[in-house]
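What follows is each chain in one-letter form.
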Amino acid sequence: VRELDQKLRNLKNEFNRSVPTSFSEWDKQEIYDKVQNPNQNKSRGLIPKTITVFAFLATALFIIFIFSKDSFSLFESNQGGGPGGLSKGTPIREDSHDEEQASDTTEEYKTELSRKVHVTFNYHLVSAGDEYDLFTVTKVEENEGKKIVTFESDELIYLEGNLIFEDEWLFQFDEYLYGLSRVPIEMNDVGSSVQFKVEDDIDIMGGYVGFSKEKFFPQISLRTKRIDYIFSGEESEILVHVFNTSEEAELYTTPLEIDKEIREIYNEYRHSHDESLLKDFEPIDILKLYLHSASNQDEETVKTLFGNNSTEDLYAIANVFSEIDQFLLVESIETERISVLLDYEPFVDLTIAKNEHGIWKMYHFVYDKSS
Amino acid sequence: LAESYNLSEQDELIISLERNQALEIIMNSYGNEIKRLIYTYVKNEADTDDIAQEVFVTVYKKLHTFQKQSSLKSWLYSIAINKSKDYLRSWQVRNRNLMKRITREKKIKQPNLKSIEHRVVKDEENRKLITQIMELPLKYREVIILYYFNDFSTREISNITKVKDATIRTRLRRARERLKQNIDGERG
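Those protein sequences? They're chains A and B, same order as listed. Under our numbering, the residue at position 338 of the first sequence is numbered 338, and the numbers go up by one with no gaps. Throughout, our numbering is defined as the position within the second sequence, counted from one, plus 1000.
Quick caveat, the hints were computed from the structure, so don't treat them as lab data.
If you want a taste of the chain A side facing chain B, the calculated C-beta under 8 angstroms gives, among others:
no.: 1; residue: LEU4
no.: 2; residue: LYS7
no.: 3; residue: LEU8
no.: 4; residue: LEU11
no.: 5; residue: GLU14
no.: 6; residue: PHE15
no.: 7; residue: PRO20
no.: 8; residue: THR21
no.: 9; residue: SER22
no.: 10; residue: PHE23
no.: 11; residue: ASP27
no.: 12; residue: GLU30
no.: 13; residue: VAL35
So these bits of chain A aren't anywhere near chain B, every CB distance computed over 10 angstroms:
no.: 14; residue: SER232
no.: 15; residue: GLU275
no.: 16; residue: ARG337
no.: 17; residue: ASN355
Capping the alpha-carbon separation at 30 angstroms, the derived lysine-lysine pairs in DSS-like fashion look like this:
no.: 18; chain 1: A; residue 1: LYS12; chain 2: B; residue 2: LYS1180
no.: 19; chain 1: B; residue 1: LYS1162; chain 2: A; residue 2: LYS34
no.: 20; chain 1: B; residue 1: LYS1164; chain 2: A; residue 2: LYS7
no.: 21; chain 1: B; residue 1: LYS1139; chain 2: A; residue 2: LYS7
no.: 22; chain 1: B; residue 1: LYS1085; chain 2: A; residue 2: LYS7
no.: 23; chain 1: B; residue 1: LYS1128; chain 2: A; residue 2: LYS12
no.: 24; chain 1: A; residue 1: LYS34; chain 2: B; residue 2: LYS1062
no.: 25; chain 1: A; residue 1: LYS28; chain 2: B; residue 2: LYS1062
no.: 26; chain 1: A; residue 1: LYS28; chain 2: B; residue 2: LYS1061
no.: 27; chain 1: A; residue 1: LYS12; chain 2: B; residue 2: LYS1139
no.: 28; chain 1: B; residue 1: LYS1162; chain 2: A; residue 2: LYS7
no.: 29; chain 1: A; residue 1: LYS197; chain 2: B; residue 2: LYS1043
no.: 30; chain 1: A; residue 1: LYS12; chain 2: B; residue 2: LYS1085
no.: 31; chain 1: A; residue 1: LYS28; chain 2: B; residue 2: LYS1085
no.: 32; chain 1: A; residue 1: LYS12; chain 2: B; residue 2: LYS1164
no.: 33; chain 1: B; residue 1: LYS1043; chain 2: A; residue 2: LYS28
no.: 34; chain 1: B; residue 1: LYS1043; chain 2: A; residue 2: LYS12
no.: 35; chain 1: B; residue 1: LYS1043; chain 2: A; residue 2: LYS7
no.: 36; chain 1: B; residue 1: LYS1180; chain 2: A; residue 2: LYS7
no.: 37; chain 1: B; residue 1: LYS1061; chain 2: A; residue 2: LYS34
no.: 38; chain 1: B; residue 1: LYS1128; chain 2: A; residue 2: LYS7
no.: 39; chain 1: A; residue 1: LYS34; chain 2: B; residue 2: LYS1068
no.: 40; chain 1: A; residue 1: LYS34; chain 2: B; residue 2: LYS1043
Don't be surprised by glycine CBs; every beta carbon is placed ideally from N, CA and C.
Using the sequences plus the hints, can you model the full thing?
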């Protein structure tokens, strides 16, 4: 127990780092908002009940008024679109967060929108041509009680998180929420549950489906140029159209076979470390060469196969490969980078990319350097 | 009887300031640690955000009632702990209706949390120890975290949690024993 006491005393910093939360400017802003508008969520006890009833009726009539089609367009023309045009008097969308629907949400996986700074838009005011950061509204459709707002971007937006298959492909942002701040969010959805779905009729998904029994892909990066924001009376959904025309996925099983050619080149390369010997190598060959060098404990050669001067354990990837059954190479033709996806924990972030001489090198990203 | 407490210069300065200024300094100084503390109770990021906000709104409202019977830090911690425990109590009620959803989220989120630990905690043994701490029952987890990671004495923990000092010492001892047992059990 004394030994444990000492361990616990030395554990403080690591413990603090392992708690995945931090106090942000957004938190501060929320606190100031609450402090400055203390009655936002409460009715004032001093207001006589009759006035409260009148206020309630007036609000109800106002909501009915703005939901009629004519008044909706009238409102639109007066207010203009875009997040900058939203005022405090802006009507809020009739929300469906009643008890009945709340219980429906238990049936589906929902991604809780984390409380970050979002690009927000307003359900009533949004119209084609509005710009929200990198996205532009290209279409607003209303059909059979559904409203679909289509946002498109000329630039690729990267969304990083987990892909989960539960009857359909769902997306959950990872703890760093990379990309979420780019996605326009309806102002009433901030802080509530919005489900991110991923269209499923795309090639890359085929690779993923075959790859994992669990149908859970942690920490992948989806690229998109289009999202559809769907309001259907229930909780909002965001359909992410994955942009993958230039991506190809190939599934490999381990152990990788080290063929004769690679052995021969290895025997030459290990002495000279002459990069030109590797000029015809494909990314998978580099990986094979690395695994072969690592199995020979040939540290000098292993080092040369990394593009960055990694001070991390150079054999870490080889160790991981000895424990996995299969992995996926996802090739982005556009960026000429290869991501190695492993259905394994701890997650290894391995990328293979060409260096300035056109030789494929491995880049092993280590997360905990800054901490 | 409440004892008077010698406040540090910083605490004196903070409480002498205008409320908004005081809040700003308190958030800057304690925001991170208060959020971390809340997380160790509720183990959920989104709810941690909500509770942390509630804590600082309460601090803003009640700062003038701070009676200098403890350090400002202890006072903040006691508010955060009370809010977290209130949440846990209400959560247990909501839990029944939302069980399905929680189970599902748990299933999905777990690998992600593990990955965080893998990123930040290199040492496997330390990682296991942290996991073991987070899995302790609340009353033991609380004393371990406040004592070892927030530098409170057992007496200060007693003031913050309104539990007798002797009980805190007993809990601390039992928490260590339990951790030791769990670690030994895992080693086989």
